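If you want the building blocks of each chain, they are given just below.
4 protein chains.
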Amino acid sequence: MSATRYTYLGPAGTFTEAALRTLPEAATRELVPVASVPAALDAVRAGQAGGAFVAVENSVEGPVTATSDELVNGTPLMIYREVLLPITFALLVRPGTSLDAIKTVTSHPVAQPQVRRWLSANLPDAQWEAASSNADGARLVQEGRCDAAFAGEFAAALYGLEVLVSDVNDEANATTRFLLVGRPGRVSSPTGLDKTSMVVWLPDDHPGALLELLQEFAVRGINLMRIESRPTGEGMGSYCFLIDCEGHLSERRVSEALMGLKRICPQVRFLGSYPRADHGGRRPVRPGTSDADFAAASDWLARCLDGRGEI
Amino acid sequence: MSATRYTYLGPAGTFTEAALRTLPEAATRELVPVASVPAALDAVRAGQAGGAFVAVENSVEGPVTATSDELVNGTPLMIYREVLLPITFALLVRPGTSLDAIKTVTSHPVAQPQVRRWLSANLPDAQWEAASSNADGARLVQEGRCDAAFAGEFAAALYGLEVLVSDVNDEANATTRFLLVGRPGRVSSPTGLDKTSMVVWLPDDHPGALLELLQEFAVRGINLMRIESRPTGEGMGSYCFLIDCEGHLSERRVSEALMGLKRICPQVRFLGSYPRADHGGRRPVRPGTSDADFAAASDWLARCLDGRGEI
Amino acid sequence: MSATRYTYLGPAGTFTEAALRTLPEAATRELVPVASVPAALDAVRAGQAGGAFVAVENSVEGPVTATSDELVNGTPLMIYREVLLPITFALLVRPGTSLDAIKTVTSHPVAQPQVRRWLSANLPDAQWEAASSNADGARLVQEGRCDAAFAGEFAAALYGLEVLVSDVNDEANATTRFLLVGRPGRVSSPTGLDKTSMVVWLPDDHPGALLELLQEFAVRGINLMRIESRPTGEGMGSYCFLIDCEGHLSERRVSEALMGLKRICPQVRFLGSYPRADHGGRRPVRPGTSDADFAAASDWLARCLDGRGEI
Amino acid sequence: MSATRYTYLGPAGTFTEAALRTLPEAATRELVPVASVPAALDAVRAGQAGGAFVAVENSVEGPVTATSDELVNGTPLMIYREVLLPITFALLVRPGTSLDAIKTVTSHPVAQPQVRRWLSANLPDAQWEAASSNADGARLVQEGRCDAAFAGEFAAALYGLEVLVSDVNDEANATTRFLLVGRPGRVSSPTGLDKTSMVVWLPDDHPGALLELLQEFAVRGINLMRIESRPTGEGMGSYCFLIDCEGHLSERRVSEALMGLKRICPQVRFLGSYPRADHGGRRPVRPGTSDADFAAASDWLARCLDGRGEI
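Residue numbers (this note's numbering), protein chains in the order written: chain A, 1 to 311; chain B, 1 to 311; chain C, 1 to 311; chain D, 1 to 311.
Everything labelled a hint here was simulated from the structure, so no lab data went into it. The model shown is predicted, which means the values in this text are computed figures rather than measured ones. Keep in mind that the hints are not guaranteed to be accurate.
Unchecked claim - On the chain B side, residues computed to face chain C include the following (Cβ under 7 Å):
id : residue
1  : T22
2  : G62
3  : T65
4  : E228
To be verified - Which stretches of chain C does chain B cover? Using the computed rule of at least three CB atoms under 8 Å from a CB of chain B, they are:
id : stretch
5  : 213-223
6  : 232-242
For every residue, glycine included, the Cβ atom is placed at its ideal position computed from N, Cα and C.
Take these sequences, add in the hints, and give me the full structure.
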C-alpha cells in the first residue's frame with residue numbers, strides 16, 4: 001500500500017534513516033531508500049508513497065538546497081513533521097585497517113566541513129572524495145574503492161565495516177533537521193508549540209519588499225525562526241524566501257500574517273503547520289497576539305459596528 | 001422631540017451655525033444654540049438632543065481642544081458627519097462707525113491669529129479682547145461694550161451691525177472642520193469615500209508604542225489623515241492620540257487595523273466612520289488592501305487549511 | 001539692559017511668574033510682565049529682552065497653542081530651559097465674600113477644565129467668564145467686575161484678595177510646563193539628562209511620511225517625549241509636528257537623527273537642546289546608541305576603509 | 001611573484017576560468033587552478049596568491065556555500081571585483097560517441113538542476129554521477145570512467161572531447177556570479193555604481209533583530225541586492241546573514257548604515273565595496289540620501305549647534 005510507504009534519501013544506513021526511525025509511525029511504515037531528494041519527493045507526488053523523509057538543513061552546513069528547491073518548485077507538497085537529529089560521525093573502515101593505511105576518505109559533501117578540522121589534524125595527507133550519501137561512502141569502502149568513510153556509527157554493521165574512530169565532529173552540537181513531507185492535505189490540529197513554513201515571492205522592482213514582508217510578521221508579534229533565500233530562476237538578483245515562523249496556521253496571528261503576505265506578494269506557497277521538534281524554546285506569545293486577544297478584539301469590533309464599542 | 005433637536009455652539013450667527021445649515025437634514029431639525037461645546041454634547045448625552053454640531057479643528061489655529069477632550073473623556077459619543085467651511089471674517093461695527101474710531105476689537109480667541117496681520121496693518125493701536133464666540137463678540141459690539149467684532153458676515157443682520165470690512169483673513173483658504181456628534185449607534189454604510197476616527201491610549205512605559213501604533217495602519221495600507229495628541233490627565237508626559245484615518249470600519253483593512261490597536265493598546269475608543277467632506281482626495285486603496293483582496297486572501301487561507309492552497 | 005530682562009505672560013501673580021521665579025537666574029533679571037505670549041516673544045526677537053518665559057503645555061489642558069505657533073512660525077527662537085510647576089488653584093475673593101454670594105467666577109480658559117468638577121459640585125449656579133490670565137481674573141475680582149477668581153494662592157496678596165478655598169484641582173498632579181526662550185545661540189553643553197525640541201514639516205503627498213519620521217528616531221534608539229501636530233496654514237489636512245525627544249544635539253544618536261529628518265523633510269526647525277526638568281525618568285540609552293558606541297563604530301569604519309576592519 | 005598569481009577553482013576548463021579571463025588584469029596574471037574553494041582562498045590568506053577567483057552564486061542553483069562559509073569564517077578576506085557569466089552547458093563526449101551510447105553522465109552537482117529537464121527528455125535512462133567540477137567531469141569522460149559530461153563548450157578542446165549537444169540549459173538566462181577575493185586592503189574609489197558586501201551576526205534572543213537590521217538600510221534609502229542566511233555553527237536556529245547592498249562604503253548613506261549595524265549587532269564583517277557587474281540597474285539614490293544631502297544636513301547641524309540653523 002503506497003500510503004504506508006515512506007521514501008527517504010538512501011541508501012540504508014544514512015542519518016536520514018536514523019532520524020526517520022525516531023518517528024513512532026515509522027515502525028508501521030515500509031521505509032524505502034531512494035537515490036535522491038527529488039526522487040523521494042516525486043514518489044510522493046506520484047502517489048507511490050504516503051510520505052518522504054528528507055533533510056532540510058544542518059546547523060553547520062546550512063540548507064539542503066535540493067529539498068528547498070523541491071518545496072519551492074513543481075507540484076506542491078506539505079510538511080507534516082520535523083525531526084532534529086544530533087550528528088556525530090564515525091570513521092568506518094574495512095576490518096583491520098589502521099589509521100596510517102588510509103589514503104582516501106569519502107563522505108557526502110555536507111559532512112566534509114564537519115570533519116575537515118579532524119581530517120587535517122589526523123589524516124592530513126588523505127584525499128577526500130565526494131559520495132552521494134554517507135552510507136554510499138560506506139558502500140564504497142566495503143567495495144574497496146575507498147579506504148575510509150565518514151558516516152553514522154549505525155552504518156558500520158550494515159556494510160560490514162568497523163568503527164575506527166567515533167564521535168568525530170568539528171562542531172559540538174551539530175544537528176540536522178529533517179522533514180516528513182506529503183501531499184497537501186488538511187492541516188492537523190495545533191499542539192500549542194508549532195511552526196509554520198511557507199515560500200514567499202517578492203513583488204518585482206520594489207526595494208523595500210523584504211522589509212514589508214517581515215513587518216507582516218512583526219506587527220502581529222510572530223517570531224521568524226528561519227529565512228532562506230532561493231533564486232527564482234528568473235535571472236540573477238531575483239529571489240524567493242523560504243520562511244519558518246512560530247505558530248500554527250489555525251492561530252489568528254499566523255493566519256492574519258499569511259493573508260497579509262498573500263495580499264502583497266505575487267505568490268505565497270503555504271508549506272504546512274506542524275509540531276516543533278525543539279521543546280526548549282517555548283515562549284509565551286507576545287501580549288496582544290494570542291487567539292483570545294484576537295477573539296476579544298473581534299467581539300469589540302462587532303460591538304463598535306453596532307454602536308456599543310464601550311460596553 | 002429631542003431626537004429632532006440639534007445643539008450647537010451658540011449664540012446664533014456663529015460660523016458653527018452657518019456650517020450646520022449646510023447639512024440638508026438641518027432644515028428639518030430644531031437648531032438650539034448653547035453656551036459651550038461641553039453643553040452641546042452633554043445635551044446629546046442626556047437625550048435632550050439628537051445631535052450636537054461642534055467645531056473640531058481649524059486649518060490655521062489647529063484643534064478645538066474642548067471638542068477633542070469631550071470626545072476623549074466621559075460618556076462616549078459618535079461622529080456621524082463632518083462639514084468643512086471656508087472661513088472669512090468681516091469686521092462688524094455699529095452702523096456709522098468708521099475705522100479710525102475703533103479702539104477695541106473682539107472675537108473668539110481662535111479667530112485672532114487669522115486676523116492678526118490685518119489688525120497690525122490696519123488697526124495697530126486697537127486693543128483686542130476675547131469673546132466666548134465670534135457671535136458673542138458681535139453682541140458685545142451691539143451692546144456698546146466693544147467697538148468692532150470679527151465675525152461671519154452673516155452675523156451682521158442678526159445683531160444690527162454693519163460690515164465695515166469684509167474678507168479679512170491672513171491666510172487664504174482658512175477652513176474650519178465641524179462634526180455632527182450623536183449617541184453611539186449602528187455605523188452607517190460606507191459611501192466609498194469615508195473616514196474613521198478613534199482615540200488610542202498608548203501602553204505605559206513603552207517608548208516605541210507610537211511607532212507600533214502607526215505600523216498597524218501602515219502594514220494595511222491605510223493613510224492617516226490627522227493625529228492629535230492630548231494629555232491623559234495622568235501627569236506630564238502621558239498622552240493619548242485622536243486619529244483620523246482613511247476608510248470605513250466595515251472595510252477589512254480598517255477593521256483589522258483597529259482590532260490590531262485594540263489588542264496592543266490599553267484602551268481604544270472608536271469614534272465613528274462617516275463620509276469625508278473633501279471630495280478631491282479620492283485615492284485608490286493601496287494594492288493588496290481592498291476588500292476584494294482581503295476576501296481573496298481569506299478564501300486562500302481556508303483552502304490552505306484544507307490542503308488546497310494552490311488551487 | 002535688555003539682555004538682563006525677561007518677559008513673561010503677565011500680569012504679575014500668574015503661575016508663569018511663580019514658575020519663572022524658580023529659575024536661579026531670575027533673581028538677577030528684570031522680570032517684565034507682558035500682555036500675550038506673542039508679545040513676550042516679540043520682545044526677545046526685537047532685542048528688547050534677553051529671554052521670554054512662557055507656558056507650553058499643561059498636563060490636563062494640553063498644549064498652549066500660542067506658544068507652539070510662535071515657535072513654529074516667524075523669526076526663529078530657541079529654548080534654553082524648561083520648568084515644571086505643579087498647579088493648584090485657590091478661589092480668591094474680595095475679603096468677606098462668602099461662597100453663597102458668588103454669582104460669577106473667572107479664570108484663564110486653560111484653568112477651567114481643571115476646576116470644572118469642583119465648580120459643578122460647589123458653585124453649580126455660578127457663571128464662568130474667561131479672563132486673559134488667572135491673575136487678570138484676580139484683577140477683575142479686585143475691580144468688582146467678578147465675584148471670584150481661580151488663581152494661584154500667591155496672587156491673593158498682590159490683588160488684595162483673600163483665599164476662600166485652596167487646593168482646588170480636579171486632577172491630582174496637574175502640572176504646567178514652561179519654557180525659557182531666547183534668540184538662537186550656541187547650544188549649551190549637555191548635562192547628561194537633556195531634551196531636544198524641533199519642528200518638522202512632512203513632505204507633501206507622502207502618506208507614510210510620519211512613520212518614516214518616527215523611524216529616524218527609533219532606528220537610533222531615541223525615545224520621543226512629546227509630539228504635537230499643528231496646522232501649517234496651507235489648508236485643512238496639512239500639518240507640521242513639534243517634537244520633543246530625549247537627548248542633546250551634541251549626542252551622536254540625536255544629531256544623526258536630526259540630520260536624517262533634515263534630509264527627508266522639506267523643513268526642520270531646531271528649537272534647542274536643554275536640561276530636562278523631570279529628574280525621575282533617567283533611563284540608560286539603548287545599547288548601541290551611546291556616544292561611545294558611535295565613536296567605536298566610526299573608528300571601525302575608518303579601519304574598514306583601510307582594510308583593517310577586523311583589527 | 002605571488003602577488004601576480006590568481007588561484008581559481010580548477011581544473012582548467014571550468015566556467016570559473018572562463019569568467020576569470022573576462023577580467024582585463026587576468027591577462028597579466030598567473031592563473032593557477034586549485035582543487036577547492038577553500039584551497040583557492042587559503043592560498044590568498046597564506047600570501048601565495050594575490051587573489052582568488054571563486055563562484056558565489058548561480059541564478060538557478062543559488063549560493064555556493066563553500067564560498068559563503070569561507071567569507072564568513074576564518075581569516076578575513078575582501079571582495080574586489082565581481083563577474084557575471086551566462087552559463088550554457090555543452091554535452092561533451094569522447095569523439096565518435098553517439099547519444100544512445102551514453103549510459104553515464106557527470107557534472108558538478110550545481111550543474112545538475114540546470115540540465116535535469118534536458119536529461120529526462122533526452123537521456124532518461126542515463127545514470128548521473130557527481131564530479132568535483134564540470135571540468136573534472138570532462139576529465140572523467142576523457143579517462144573513460146564516464147560516457148558524457150556537462151561542461152562549458154570551451155572545455156572540449158582541453159580534454160580532447162567533442163561537443164555532442166550545445167546550449168543545454170533548462171533555464172534561459174542562467175548566470176553565475178563570481179568574486180575576485182584578496183587580502184583586506186584599502187577600499188578602492190567608488191565608481192558611482194558599486195555594491196557593498198558584509199556579514200552580520202544578529203544579537204541573541206532578539207526576535208525582531210532581522211527587522212531592525214533591515215531598517216538600518218531602509219531608513220537610509222539603501223536597497224538590498226541579496227541576503228543569504230548561513231548557520232553560525234552555534235546550533236540549530238542560529239544564523240548570520242551575508243548581505244549585498246547598493247552603494248559604496250565611502251558613500252555616507254552606506255557608511256552610516258554599516259556603523260548602525262556595527263552598533264547593534266555583536267559582529268559585523270565588512271567584505272568590500274566594488275563595482276557592480278550589472279550595468280542595467282542604475283537607479284538614482286532615494287531623495288535625501290545622496291552624499292550631497294548628507295553634507296548639507298551636516299552643515300545644517302553645525303549651524304544649529306552654533307545657533308544659526310535657519311541661515
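Hints versus structure:
1. T22: Cβ of T22/B sits 15 Å from chain C, so the hint is violated.
2. G62: 5 Å, holds
3. T65: 6 Å, holds
4. E228: Constraint on E228/B satisfied, holds at 6 Å.
5. 213-223: Holds, because 4 residues of the stretch 213-223 of chain C bring their Cβ atoms closer than 8 Å to Cβ atoms of chain B.
6. 232-242: holds (count 7)
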